[in-house]
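If you read the protein sequences in the order shown, they are chains V and F. For the first sequence, the numbering used here gives the first residue as 275, with consecutive numbering after it. For the second sequence, the numbering used here gives the first residue as 2, with consecutive numbering after it.
No wet-lab data here; the hints were simulated from the structure. Hints may be right or wrong, so weigh each one.
[As the list claims (entries may be wrong)] Here are the simulated DSS-like pairs of lysine-lysine, each with C-alpha atoms no more than 25 angstroms apart in a straight line:
| no. | chain 1 | residue 1 | chain 2 | residue 2 |
| --- | --- | --- | --- | --- |
| 1 | V | K331 | F | K4 |
| 2 | F | K108 | V | K331 |
| 3 | F | K4 | F | K74 |
| 4 | V | K285 | V | K331 |
| 5 | F | K4 | F | K71 |
| 6 | F | K71 | F | K108 |
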Amino acid sequence: GAGVSQSPSNKVTEKGKDVELRCDPISGHTALYWYRQSLGQGLEFLIYFQGNSAPDKSGLPSDRFSAERTGGSVSTLTIQRTQQEDSAVYLCASSLDGRETQYFGPGTRLLVL
Amino acid sequence: AQKITQTQPGMFVQEKEAVTLDCTYDTSDPSYGLFWYKQPSSGEMIFLIYQGSYDQQNATEGRYSLNFQKARKSANLVISASQLGDSAMYFCAMREGRGYSTLTFGKGTMLLVSP
Numbered sequence: 275g276a277g278v279s280q281s282p283s284n285k286v287t288e289k290g291k292d293v294e295l296r297c298d299p300i301s302g303h304t305a306l307y308w309y310r311q312s313l314g315q316g317l318e319f320l321i322y323f324q325g326n327s328a329p330d331k332s333g334l335p336s337d338r339f340s341a342e343r344t345g346g347s348v349s350t351l352t353i354q355r356t357q358q359e360d361s362a363v364y365l366c367a368s369s370l371d372g373r374e375t376q377y378f379g380p381g382t383r384l385l386v387l
Numbered sequence: 002a003q004k005i006t007q008t009q010p011g012m013f014v015q016e017k018e019a020v021t022l023d024c025t026y027d028t029s030d031p032s033y034g035l036f037w038y039k040q041p042s043s044g045e046m047i048f049l050i051y052q053g054s055y056d057q058q059n060a061t062e063g064r065y066s067l068n069f070q071k072a073r074k075s076a077n078l079v080i081s082a083s084q085l086g087d088s089a090m091y092f093c094a095m096r097e098g099r100g101y102s103t104l105t106f107g108k109g110t111m112l113l114v115s116p
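The shape of chain V in the complex, shown without the other chains:
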């Protein structure tokens, strides 16, 4: 079956612009996660969805970051007024539920100029 997919693979944007990153989880997975990985660093948790609700948004770094999930499936991470420090790889993962193994997508590489 298909794994987690993310789009776009790469995104270059200018400082101050808004960007949207998309994640398609594995079919049937109710839990979805967003992480951020800066150059040479480990993964930083951003937000967790169970179904369409987000019980844990504790990792979102500022109010410029928001995410939604619709139909218990696709999720979109939006970064408004991008800053250069937002440059990173944004990884999405999904799992059967909030306790099972997380499977990751290939990531979106965001570069803010």
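Let chain V serve as the given structure and place chain F on it in line with the hints.
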């Protein structure tokens, strides 16, 4: 204190040899899970192996095994018969508690396998 510590920034191993990647963890929760992921240069995080805190046996998956020493709070990954394709970053991660918990990742170990 860091919850997951990977003390080896980089490791070198020759093809066909075994290698151990270290991971120590810190938690006071009796229920937790430990994961290893591989991240090749392509960037995707690939799940390798899982060990639950109550599991009696060390986890194994093909050439991967997890040397789980609960009293020492260590969960080292052992890769047997290394292959060139094993060259990648390896991350240790932990989930705490019985309910939902995010994964906390270590900073990773870069493994290079030479011919």
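Going through the hints against the structure:
For the given pair, K331/V sits about 20 angstroms from K4/F by alpha-carbon distance, which is consistent with the 25 angstroms threshold. Of the supplied pair hints, the one linking K108/F and K331/V holds, its CA atoms being roughly 22 angstroms apart against a limit of 25 angstroms. Of the pairs offered as hints, the one joining K4/F and K74/F holds, with about 11 angstroms between alpha carbons and a cut-off of 25 angstroms not exceeded. Between K285/V and K331/V the CA atoms are separated by roughly 24 angstroms; this keeps the pair inside 25 angstroms, and the hint holds.
The suggested pairing of K4/F with K71/F holds, with an alpha-carbon distance near 15 angstroms, which does not exceed 25 angstroms. For the suggested pair K71/F and K108/F, the alpha carbons sit about 21 angstroms apart, so the restraint of at most 25 angstroms is met.
Checked against the numbered hints above, the structure breaks none of them.
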